[in-house]
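4 protein chains.
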Amino acid sequence: MKLTLDLFKIIEKYPVHWGDMDSANHVNNLVYLRWAESARIKYFEKMGMDTSFSSVGTGPILGWQECKYIFPMTYPDTAIVGARTVEITEDRFFIECAIFSERHNRIAAISKQSIIPYSYGELKKVEMPDPWLEEIAKIEGS
Amino acid sequence: MKLTLDLFKIIEKYPVHWGDMDSANHVNNLVYLRWAESARIKYFEKMGMDTSFSSVGTGPILGWQECKYIFPMTYPDTAIVGARTVEITEDRFFIECAIFSERHNRIAAISKQSIIPYSYGELKKVEMPDPWLEEIAKIEGS
Amino acid sequence: MKLTLDLFKIIEKYPVHWGDMDSANHVNNLVYLRWAESARIKYFEKMGMDTSFSSVGTGPILGWQECKYIFPMTYPDTAIVGARTVEITEDRFFIECAIFSERHNRIAAISKQSIIPYSYGELKKVEMPDPWLEEIAKIEGS
Amino acid sequence: MKLTLDLFKIIEKYPVHWGDMDSANHVNNLVYLRWAESARIKYFEKMGMDTSFSSVGTGPILGWQECKYIFPMTYPDTAIVGARTVEITEDRFFIECAIFSERHNRIAAISKQSIIPYSYGELKKVEMPDPWLEEIAKIEGS
Chain A
1 MKLTLDLFKI
11 IEKYPVHWGD
21 MDSANHVNNL
31 VYLRWAESAR
41 IKYFEKMGMD
51 TSFSSVGTGP
61 ILGWQECKYI
71 FPMTYPDTAI
81 VGARTVEITE
91 DRFFIECAIF
101 SERHNRIAAI
111 SKQSIIPYSY
121 GELKKVEMPD
131 PWLEEIAKIE
141 GS
Chain B
1 MKLTLDLFKI
11 IEKYPVHWGD
21 MDSANHVNNL
31 VYLRWAESAR
41 IKYFEKMGMD
51 TSFSSVGTGP
61 ILGWQECKYI
71 FPMTYPDTAI
81 VGARTVEITE
91 DRFFIECAIF
101 SERHNRIAAI
111 SKQSIIPYSY
121 GELKKVEMPD
131 PWLEEIAKIE
141 GS
Chain C
1 MKLTLDLFKI
11 IEKYPVHWGD
21 MDSANHVNNL
31 VYLRWAESAR
41 IKYFEKMGMD
51 TSFSSVGTGP
61 ILGWQECKYI
71 FPMTYPDTAI
81 VGARTVEITE
91 DRFFIECAIF
101 SERHNRIAAI
111 SKQSIIPYSY
121 GELKKVEMPD
131 PWLEEIAKIE
141 GS
Chain D
1 MKLTLDLFKI
11 IEKYPVHWGD
21 MDSANHVNNL
31 VYLRWAESAR
41 IKYFEKMGMD
51 TSFSSVGTGP
61 ILGWQECKYI
71 FPMTYPDTAI
81 VGARTVEITE
91 DRFFIECAIF
101 SERHNRIAAI
111 SKQSIIPYSY
121 GELKKVEMPD
131 PWLEEIAKIE
141 GS
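Protein chains in written order, with the numbering used here: chain A, 1 to 142; chain B, 1 to 142; chain C, 1 to 142; chain D, 1 to 142.
Only chain A is shown next, with the shape it has when bound in the complex (with noise of 0.2 angstroms):
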């Protein structure tokens, strides 16, 4: 399926600096994942997390990610990042990114991630914490 910025409930916009480049002229590849995080970052917020990270609580872990590089963006340019999960699991969940060229109006790259929920106070992994679920849920919309 065709992906498209109306799939996605959390949807970013990030400039393109030019020291993103590298030197075969093209955003780095590291600069998508970059977006990613931030995307991410942003998902964990609308699930109520705290992003300091700061808590003795349950966090989020990226256990693994992959990024399938499609058309590569150059300066200038403004990414829009849409992330939504893709899929749950017992002990983690998988949040999609897509990456958009605005300037070629263009899907630039897609990067999936998967989340692991961690106890920072029994130092393990543990399942799919109820309020992750009923957050993601809620922003989803399913």
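Check each hint, because a few of them may be wrong.
The list cannot tell twin chains apart, which means a pair is met if one copy fits it or any two copies do.
[As the list claims (entries may be wrong)] When the alpha-carbon atoms are kept at most 35 angstroms apart in a straight line, the in silico DSBU-like pairs for lysine-lysine are as follows:
# : residue 1 : residue 2
1 : K2        : K124
2 : K125      : K13
3 : K42       : K112
4 : K13       : K112
5 : K112      : K68
6 : K112      : K46
7 : K2        : K138
These are calculated hints, taken from the structure and not from any lab test.
Chains B, C and D: place on chain A using the hints.
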């Protein structure tokens, strides 16, 4: 004199990424200079320069920069960056960037940079080109 | 199978910078991919590629990458990164990078990347060039 | 006076990453300040400071920095960074970092940074602590 945004003809806004903070829980000192770089590049564009830096004509080289850190920014926030030329000598000019925290409505850092005209054809520093002087005068309205 | 350094013909070492840590007090997830990029570039050099990417011949493009985060590294430490080709198809090959923490003597992350041969002369993807196949075989000793 | 490595008691080496270069095909201006930061942190460690910055005692704050760019570094290369205290006042001290290109055997940049002692208990700047003065004297051998 107090630096206020109305002193600047070129003003840019950059969102603070969560990942811009280092383990001291403040925006890392390098990030302010990324913002200053982006505002400087925007200034070059307003001067009519080719910021792909692919020409063989005369281009700008960063000779020196400084940054005074006044107030530590944190995520979430937006940096508002004003850029202006504050000094011109025979063989360089100085851009000042004032970086404001939008959330705290106060100045966070002041950076100054020396820009040296360099001839990529002759591979040497050259005098300030007349078109540069004219464009700076046009931007600054003086 | 357990990943150990003796599986890798190309091994690089990168010091952890204090500034590589984010406000969660761990090396930020992007930094592992910077190390993987540097090891990948080293692999390209061993294959005899021109890593200035200035030629008009066939060069490598990063099509996709993933990273599994196993153990959170911190400053001070040194990353030991092994790189090897783990799969070759008709139009791409896959490099695996295993990232070890020298201080803790254990694996911290595993990254995998797909590398696509791209003709800058014809501006399109091409089949795996024979010299690439030969050089990979030479490196991997197979 | 010409800066040479023998003037420095603390000398660190950092490899240039390919990704440290920007689209002007030089190591980006920020990267020199990353190296200076890492060398500065190493200097703090030699002074016996807790660089996790988690204590409630007196810690160092970066008040200002400058960098003079002399020679543009490129990948591949190794930065050799010497750090030393060049000035002490009542309420701060100044570290100078000289950055040399190992490949070209010449100085590439000189950075200077002001370090301000800050009491996290009293939340205010304080005078240079006696242990800091003693440790600096011990390091510099003066």
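Hint by hint, here is what the structure shows:
1. Taking the shortest alpha-carbon separations for K2 and K124, only the inter-copy value of 23 angstroms comes in at or below 35 angstroms, while the best intra-copy value is 38 angstroms.
2. In this assembly of identical chains, the alpha carbons of K125 and K13 lie at most 35 angstroms apart whether taken from the same copy (32 angstroms) or from different copies (31 angstroms).
3. In this homomeric assembly, K42 and K112 come within 35 angstroms of each other (Cα to Cα) both inside a single copy, at 15 angstroms, and across copies, at 27 angstroms.
4. In this assembly of identical chains, the alpha carbons of K13 and K112 lie at most 35 angstroms apart whether taken from the same copy (18 angstroms) or from different copies (28 angstroms).
5. When the C-alpha separation of K112 and K68 is checked against a cutoff of 35 angstroms, the pair qualifies both within a copy, at 9 angstroms, and between copies, at 12 angstroms.
6. For the identical chains of this complex, K112 and K46 are neighbours both inside a copy (18 angstroms) and across copies (31 angstroms), given an alpha-carbon limit of 35 angstroms.
7. In this assembly of identical chains, the alpha carbons of K2 and K138 lie at most 35 angstroms apart only when taken from the same copy (24 angstroms versus 41 angstroms across copies).
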